[in-house]
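Engineer: As given, the protein sequences belong to chains A and B, one line each in that order.
FYI, the numbering for the first sequence is 1 to 88, going by the numbering used here.
FYI, the numbering for the second sequence is 1001 to 1612, going by the numbering used here.
You may find that some hints are simply not true.
[To be verified] To give a feel for the contact side, a few chain A residues facing chain B, derived at Cβ under 10 Å:
1. 5
2. 9
3. 22
4. 44
5. 60
In short, the hints are calculated from the structure, not lab data.
Given the structure is predicted, the values throughout are model-derived calculations rather than measurements.
We put the beta carbon where it would ideally sit given N, CA and C, even for glycine.
For reference, the chains in residue letters:
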Amino acid sequence: MQINLKWHLTSRLLLLIMLMVLIIAGFGIHFFVAGLNSIQFLGFQLGYFIASQGILWGFVILVCWYASRQNELDDEHDITQGYGSQRQ
Amino acid sequence: MRRACIMYLTGLLIFVVVLGILEQIGIPDNLISWSFVFFAGMSFTIVGFLSRTMKLAEFYVAGQNVPAVYNGMATAASWISGAIFVGLAGMFHSKGHDGIAWITGWTGGFVLTITLIAPALRKFGAWTVSDFLEARFGWKYAGLPGIIVLLTCSFTYLIAQMTAMGIVASRFLGMQFDTAVFVGLAGILLCSLLGGMRAVTWTQVAQYIVLAVAYLLPVIWISAKVTGFPLPQFMYGDVLQNIAEIEQNLIENSAAISGGLAASVTPGQSLDTFNFLALIFCLMCGTAVFPQLIMRFLTSTSVQGTRRSISWSMFFIVIIFVTAPAYSAFIQFELYQGIIGQSVSQLVENATWLFKWGSAEGQSLVSICGTRASNIEDVRQACGSLQHVISPTDLSIDPQIFVLAIADIFDLPFVITALIAVGAIAAIMSTTNGLVITITAALGHNVYYRLLDPRAPTGRRLIVTRFIMIIISIIAALITLATPGDIPMLVAWSFSLAGAGLFPVLVLGIWWKRTTTAGALSGMVSGFLITLLYLVQTGLYGMDLWTIPTITDQGIATMASAIIGIPVGFLIMIVVSIFTSPPPFEVLTMMDDIHRPGGKTITQGGDRKIIY
Chain A
1 MQINLKWHLT SRLLLLIMLM VLIIAGFGIH FFVAGLNSIQ FLGFQLGYFI
51 ASQGILWGFV ILVCWYASRQ NELDDEHDIT QGYGSQRQ
Chain B
1001 MRRACIMYLT GLLIFVVVLG ILEQIGIPDN LISWSFVFFA GMSFTIVGFL
1051 SRTMKLAEFY VAGQNVPAVY NGMATAASWI SGAIFVGLAG MFHSKGHDGI
1101 AWITGWTGGF VLTITLIAPA LRKFGAWTVS DFLEARFGWK YAGLPGIIVL
1151 LTCSFTYLIA QMTAMGIVAS RFLGMQFDTA VFVGLAGILL CSLLGGMRAV
1201 TWTQVAQYIV LAVAYLLPVI WISAKVTGFP LPQFMYGDVL QNIAEIEQNL
1251 IENSAAISGG LAASVTPGQS LDTFNFLALI FCLMCGTAVF PQLIMRFLTS
1301 TSVQGTRRSI SWSMFFIVII FVTAPAYSAF IQFELYQGII GQSVSQLVEN
1351 ATWLFKWGSA EGQSLVSICG TRASNIEDVR QACGSLQHVI SPTDLSIDPQ
1401 IFVLAIADIF DLPFVITALI AVGAIAAIMS TTNGLVITIT AALGHNVYYR
1451 LLDPRAPTGR RLIVTRFIMI IISIIAALIT LATPGDIPML VAWSFSLAGA
1501 GLFPVLVLGI WWKRTTTAGA LSGMVSGFLI TLLYLVQTGL YGMDLWTIPT
1551 ITDQGIATMA SAIIGIPVGF LIMIVVSIFT SPPPFEVLTM MDDIHRPGGK
1601 TITQGGDRKI IY
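Please build the complete structure, drawing on both the sequences and the hints.
Structural biologist: Here it is, written out as structure tokens:
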């Protein structure tokens, strides 16, 4: 079993991006909500819209992007060769 | 499978329309709700019966061949509990901006689980979390603390669900609370006893369809009615603005507003910044390792399938979560338009639902002028006269009934009320099913098979497991009957306990090779115990909350108590690991392999097939 360095580093990079975005979107953004509330967006106060909907849709996109990107990466580097569960 | 789902969805919609027509012809309400419950109950039972199985891998992890889309739907159904279905909209009303902490935590946890936890466990081939702990820490009993954490957090959640089942069924079907709990229990066993996880998976798919239609259809209708455009998630912004104007007018006319919804878009209503972020953190960590979710992701076809399942489940969950605040906005708007500023005698004509819900049994749900709105005479006396004009402070409605009462509030046909009730029951059943199968797997697979009777043949394991399933359900029902719990409190407890007990050990166990058995066990036990102590002491025995000078004067909220347990767990795990000798070579090899999604799974439900 040889370790594929490019695969390894790219996977870790993706993971790091995910965690950074999670910290910014899940926690950091709440410090700006009150300030952003003065802006109107689609009839909403922007800060409230981001906190109640934007973050959630952002998470959906983030997770979908990660799943497809990481799966592609695994395929490219043949990490998934012969994958599949053992059946009894 | 796709055709079956589309047919089920169409069948459900046709059923709603037919019942709606029958209602106009004039069949009694009671018949409508019963035939609805019968339709839903029958369909779940049939799906459960068709998925019966005699194979262990199918019983515990659905044969690990659930396609990603359906796994996503099943996960969403198991995630959207009765409490979320019934209470989330009301929470946005009563807690305002703080409600956002809950939905952010509940979804952010999936980001953690897709990166850090689920794929590695799927590659390991675990059937339960304890399978992994046992192999990783190379000791027969290393899985036990995991089982204890799993049992505490799942049982608290299970009791919350059973209580919700009793409340919803007794309110809509006129059953006794006790009977309702036992009928719900029978329904759960009917679905899952024969087919285990395989049956639970496919009934959860059906249940998601029911609960999503039940949650979205009414609010889409109302959005079309109020704003003229059927997209509630984006249309309620205007409604919020109207509410803000109304509240501004009320304040200028010196009417006191209790709370007020316009204020709810500004942060910091009841939780300070520290507690708000701490609650998000606890819920995220709890979600990432919540045993019931982990079990669902272990049923996917491959590691890549696990990742796809998680993305689909996020999508299905977020649809529901972003709709909840819309409910609360539309209802508040209707209250300002239709109730506030009317005289008592007008209420009697225009808003009979107030009295219908006010006279419901149990705790007071609607009160006017400080008295329970059970009949007109009481209200007239409390308000002084029939000409008394209702001010915002006169009216108090329990936010828990927002979703259930929406058809009455907006004068929609009764069939919508029945649809919502069935949706709530589906939400409760799907979560309960998921919890029961999770507990069963831990006891039947890890305790009975792996610890007590490792040579048990398949047939005996299946019989014992089913027996355990029945016992668990009965125990849960009995506890529920003895002490029906405060639902939001139990939910918060169970996330804090799951997060504190399992998050550090799974993250370090998967990502840090140096984690040793002693480190893992001591960290797990101490993190879990300190959280449990804080919960019990502050929640039940009235201990003062711990304050941190300059960070939080409010004190660490009981529901965010894992903010203490998780760092303690990590710290002790790292320190003890450093001072004990590193794990053996075979564990280190396994750790390399666990992050490579290809090849065969390392074990099959903890039984090693590949020897290093």
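Engineer: It remains to establish, for every hint, whether it holds in the given structure.
Structural biologist: Hint by hint, here is what the structure shows:
1. 5: 13 Å, violated
2. 9: 13 Å, violated
3. 22: 5 Å, holds
4. 44: Holds, about 4 Å.
5. 60: Holds: closest Cβ of chain B sits about 5 Å from residue 60/A, inside 10 Å.
Checked against the numbered hints given earlier, this structure breaks hints 1, 2; the rest are met.
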